[in-house]
Structure formats: structure tokens, C-alpha cells
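Peer 1: These are the residues of each chain, in order.
Number of protein chains: 2
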Amino acid sequence: LLNANERFFLIDCGEGTQIQLRKYRIRFGKINHIFISHLHGDHIFGLFGLISSFNLVGRTATLHIFGPDQIEELILDHLKFFQNDLSFEIAVHKFQHHRPATILKDSNVEVITIPLKHRVPTCGFLFREMQVPRNIKKEMVEKYSIPIRDIVKIKEGKDYKTSQGKTIPNSELTLPPFRTRSYAYCSDTAYSEDVIEIVKHVDILYHETTFLNKDKDLAAETLHSTSREAAEIASKAEVRKLLIGHFSSRYKSYDTFEKEAQEVFPETTAVNDGDVFSVSRVRGKSMT
Amino acid sequence: LLNANERFFLIDCGEGTQIQLRKYRIRFGKINHIFISHLHGDHIFGLFGLISSFNLVGRTATLHIFGPDQIEELILDHLKFFQNDLSFEIAVHKFQHHRPATILKDSNVEVITIPLKHRVPTCGFLFREMQVPRNIKKEMVEKYSIPIRDIVKIKEGKDYKTSQGKTIPNSELTLPPFRTRSYAYCSDTAYSEDVIEIVKHVDILYHETTFLNKDKDLAAETLHSTSREAAEIASKAEVRKLLIGHFSSRYKSYDTFEKEAQEVFPETTAVNDGDVFSVSRVRGKSMT
Numbered sequence: 001l002l003n004a005n006e007r008f009f010l011i012d013c014g015e016g017t018q019i020q021l022r023k024y025r026i027r028f029g030k031i032n033h034i035f036i037s038h039l040h041g042d043h044i045f046g047l048f049g050l051i052s053s054f055n056l057v058g059r060t061a062t063l064h065i066f067g068p069d070q071i072e073e074l075i076l077d078h079l080k081f082f083q084n085d086l087s088f089e090i091a092v093h094k095f096q097h098h099r100p101a102t103i104l105k106d107s108n109v110e111v112i113t114i115p116l117k118h119r120v121p122t123c124g125f126l127f128r129e130m131q132v133p134r135n136i137k138k139e140m141v142e143k144y145s146i147p148i149r150d151i152v153k154i155k156e157g158k159d160y161k162t163s164q165g166k167t168i169p170n171s172e173l174t175l176p177p178f179r180t181r182s183y184a185y186c187s188d189t190a191y192s193e194d195v196i197e198i199v200k201h202v203d204i205l206y207h208e209t210t211f212l213n214k215d216k217d218l219a220a221e222t223l224h225s226t227s228r229e230a231a232e233i234a235s236k237a238e239v240r241k242l243l244i245g246h247f248s249s250r251y252k253s254y255d256t257f258e259k260e261a262q263e264v265f266p267e268t269t270a271v272n273d274g275d276v277f278s279v280s281r282v283r284g285k286s287m288t
Numbered sequence: 001l002l003n004a005n006e007r008f009f010l011i012d013c014g015e016g017t018q019i020q021l022r023k024y025r026i027r028f029g030k031i032n033h034i035f036i037s038h039l040h041g042d043h044i045f046g047l048f049g050l051i052s053s054f055n056l057v058g059r060t061a062t063l064h065i066f067g068p069d070q071i072e073e074l075i076l077d078h079l080k081f082f083q084n085d086l087s088f089e090i091a092v093h094k095f096q097h098h099r100p101a102t103i104l105k106d107s108n109v110e111v112i113t114i115p116l117k118h119r120v121p122t123c124g125f126l127f128r129e130m131q132v133p134r135n136i137k138k139e140m141v142e143k144y145s146i147p148i149r150d151i152v153k154i155k156e157g158k159d160y161k162t163s164q165g166k167t168i169p170n171s172e173l174t175l176p177p178f179r180t181r182s183y184a185y186c187s188d189t190a191y192s193e194d195v196i197e198i199v200k201h202v203d204i205l206y207h208e209t210t211f212l213n214k215d216k217d218l219a220a221e222t223l224h225s226t227s228r229e230a231a232e233i234a235s236k237a238e239v240r241k242l243l244i245g246h247f248s249s250r251y252k253s254y255d256t257f258e259k260e261a262q263e264v265f266p267e268t269t270a271v272n273d274g275d276v277f278s279v280s281r282v283r284g285k286s287m288t
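Residue numbers (our numbering), protein chains in the order written: chain A, 1 to 288; chain B, 1 to 288.
FYI, nobody ran anything at the bench for these hints, they're computed from the structure. Please note: incorrect hints may appear among the correct ones.
Which copy? The list can't say, so a pair holds if one copy fits it or any two copies do.
[Claimed, not checked] Keeping only pairs whose Cα atoms sit at most 27 Å apart, straight-line, the calculated DSSO-like set for lysine-lysine is:
1. LYS252 with LYS30
2. LYS80 with LYS117
3. LYS259 with LYS80
4. LYS158 with LYS137
5. LYS23 with LYS252
Just so you know, these numbers come straight off a predicted model, no measurement behind them.
Make a model of the complete structure from these sequences and hints.
Peer 2: What follows is the structure in C-alpha cells.
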């Protein structure tokens, strides 16, 4: 679950998602957008229960579901059996998995697909805050008696020319804008360098690591990644932080995953259910 | 999950069933029979994940799934999207929901449907051990030099006539047979006296109690039962023990459910996930 300025984006929805959301006291009525990376059970089998629960509490807001081509048929088939009379609308947004595309964009956030290499059509998702206008310094408005019509331009980054013909540079008039924060999610996928350009410089990259390097043949065969490969993507994309997960249940302990990745990319954390990671809202130059 | 002499019968399969089975360390590879009472999400949304997991571990044994009419189409539809190449076969057994019927019977157990009153076709299930032959007392075989050809008849309850023409009554030759144990599961349903005859004298009756008596109008409207109604069924059917569950999440505490039922039927327990109830294997007269 991505909380982007109190907008809740649910990314994949495996079996038991609603149970986990309740456990961690997420107000899941706030989820209006669900992004499904691919149609494998561990990424979608929780969707139907969530839809049922939304209906049970009388949800009215439209639920937007993004997913690969087949998702529309799957959802329609499902509703045929279980819910013909939903209390809310479902808007299904299908995406192509061959090239990156902007699938959602408004004044706050942009969501771009990340084509991945898996056994079925699969995309990851890049979430990026939109740049908001600069904040103008109040005292400067007073000092130079700046008229309202010029304020919008200054917020956009323009300098200001006083009635005396003196040019005041924008940097003196405004605070630096907030950095635009970003999060990228890549699961499930074989090692794919095509990802690097898209996730370049993101604040947090989640990348699957189903296997350890010693099982890299198995990773290649099943189109999954090793921990080392995930770290290489993070390193080459120069992201700020790497989160890894999706560990195969064949391993008794997951400690080795973190260690293996950290050898390549030290800023790696192996994640557990319920973990929370935040990216602070700070003023300064965005990396992306 | 019903463990009948180490045969595992799964009864309904809501979202997260496989997660709960793992949590309670149930070896779910031993499940060969799944009984679905009706096609509401909280009774079937865990089936697809369970099928996936069976496939992932390379299950080969046929999985028998029993359910109302539509279940076959639902499962076929599902497999179309997710699994065309299962490592095992699924045998779907559809049942009619209008009258009780034996849907499984072998030398160990018999399963009979219990027609229920709900918003969609719904049946509960009665599981009954089959009567096994009496155990003959070894010392009697020696004492009367009983030939092998007569032993089978004696196990079936016949008396024995010695070569001297003396009749030895069966009760002297054999131990009393084990009682045949029984379990009945009724969810979801409005109060229905049709159930009583079918579940008469069972060792354990599970009956849903979605609502408390104070909300009996809501129970009637949604075709669910109150705690008091479940207890009335148990009392009229003279069962040994009543288990209640399926409490609406509208209630903050479930203590009242147990108290309300116990006023009518003292041998009532409100159940929680992970609870285990056993029926001892004892010799003596069966009640059913």
C-alpha cells in the first residue's frame, strides 16, 4: 500500500490482503486505485474478497483497477458469479505490457508502467509526485508590492521586474520547491536492464528477489530475480533505497537475502509484512 | 477441517484458508475432499489459492470438490485464467440443494447434504462414520476353536453354534462395536426445522449464528440465524454438543453469543480460529 499524501494506492492484491489491511488498521475504504502487476494468484486472489467487503459496507466511490489485458474479462467473469449488484462502480483500466506508459496522471501524482520479464504479461509501477508550484515568500510580496497577476508567474519560477525596472531573481522571492518523491515497484521479473532507465534515481525501489544467487539457474528458468540481481538494478539505477521481498518459501531464513544484496547495494532492506517506510517531504532539487 | 481417522475433509474455504492451515500446521496435502456449502466469497475465495499451492508443490492425487450446481463452471472459468496445466486432476461433484443426498460413501465414512435456507443454493454437510465390524475376542476363538469361515459371520453379529450344538451368544464372543461418530455443519442458513431430522443425535453440530436474538429481524431478512435459533435446532435435534460461529462483525464482543445459546442449549461453545474439538472413539451403542 502506497500512501501518497493520504491517497491510498494498493499495489497487487494477494490472498488475504483485506485480512492484513485490517490487521494493520489501514482504513481501506480510502483505497480508490488498485494496480495489479500480473494475473498470478499471489498477486490477485485477494481482489475478489476486497470487492466483496467494499460492497458489504456500502461503498459508493468508483474503484479503479489497473491491470494487464485479461483483467477485464477476469473481473467480469467473477462478478457474474458473485456480485451483479455492486453498490459502487468498478472502472477497469487495461495496460499494454510491452512499453512503459503513463496510466494515471493528475495534479498530484503520475503512475507509469514498468514492463517486466515474467511468464505472463507483467508490469511494475512507478509512482511519482507531480512538481507543485514554488512557495512565494510573504515578506517579498510586501517588500516589492508584487501585484497578484505576477505571483503565479513567480511561483512557476520566473524572476520579477519591479516598477523601477530592477530584476529580482526568483531564488530571492521563493522557497526552493519540495522534492518530488518517487516509488517504484518491480514484481515479478527476471533480471531486466530495461527497468533501469525507468526507475532511475527513485527514492525507494521495491524489487522482487525470489531466489539467492546460488539458485540463479532456477531464477532464470522461472523468470524471477536473485537478490544480487535486484541489487544490481538498484545500483545501476542509482536509487536511494532498495526494498526486497517475494522470497521463495524454499529458504528457511531470509537473512541471507539482505546480506547478499547489501554486498552490491548497501542501502537494502529485506521487508516483512507490516513494515512502513517513509520518504520525507523536503525542499530541494529532485533527483528524478 | 474435519479429521476423520486421518482423512482430512475441508469444509468451506474462505479467503486465507491456506494461510490459516499453515499457521496451525495442518499438512494440507492430506486434503483430498473439499466441500463447499455455497458460492459466497467468505466460503470459497480461498479455494483458488489452495489449488495454486497444491500445484506449486506438484500434487498428483485427485482433488474432489463438492459444491452446488454453479461450482463446476466457476472452477473451469478460474482454471482458464490461472492454471491450464495442473499437476493433478480436479473432480467436481455437483449436488442439488433441494433434498438431502448421500454425496460420498465408502467403507469409512458417509457424507450427506443438509439443505439450508439462504440467499443462494446452500447445503450443510453431515459426516458419519460407517459402522465397522465387531472385534472378536481372541480368547473365545481359542476356547471354542472357531473356524475362520465362521469368524466373519460373528463379526457381523451372528451367534456361534459349537460342534456339540451349543449356541454361544454373540455378546459373549465379541466386544461391543465402536460408536459411529458424527459431525454436522450448517452454514449459512435461516432457522430451518428441516435440518433437525438430518442432524438428529450427532456428536457435534456446528451451526451458524450471525446475529443475536435482538437482531432477529436482520437475521430473517438476510437469511441467517440468531444464536438462540441455533440452540433451538441443537436442542430439538438432541445433539451432544453445539459449536457456534460466523458472528457478524457488527458486534464488538462475541461473549453474548455463547451466553444466549447456552440459555437454550447448555452444551454450546462459541468457536475461534484454531480451536480443536475431538469426539472419542468409544465402544457402545451409537446414537445415530
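Peer 1: Each of the hints needs a verdict: does it hold here or not?
Peer 2: Verification of the supplied hints:
no. : hint               : in the structure
1   : LYS252 with LYS30  : between (36 Å within a copy, 23 Å between copies)
2   : LYS80 with LYS117  : between (32 Å within a copy, 22 Å between copies)
3   : LYS259 with LYS80  : neither (47 Å within a copy, 40 Å between copies)
4   : LYS158 with LYS137 : within (14 Å within a copy, 104 Å between copies)
5   : LYS23 with LYS252  : both (25 Å within a copy, 16 Å between copies)
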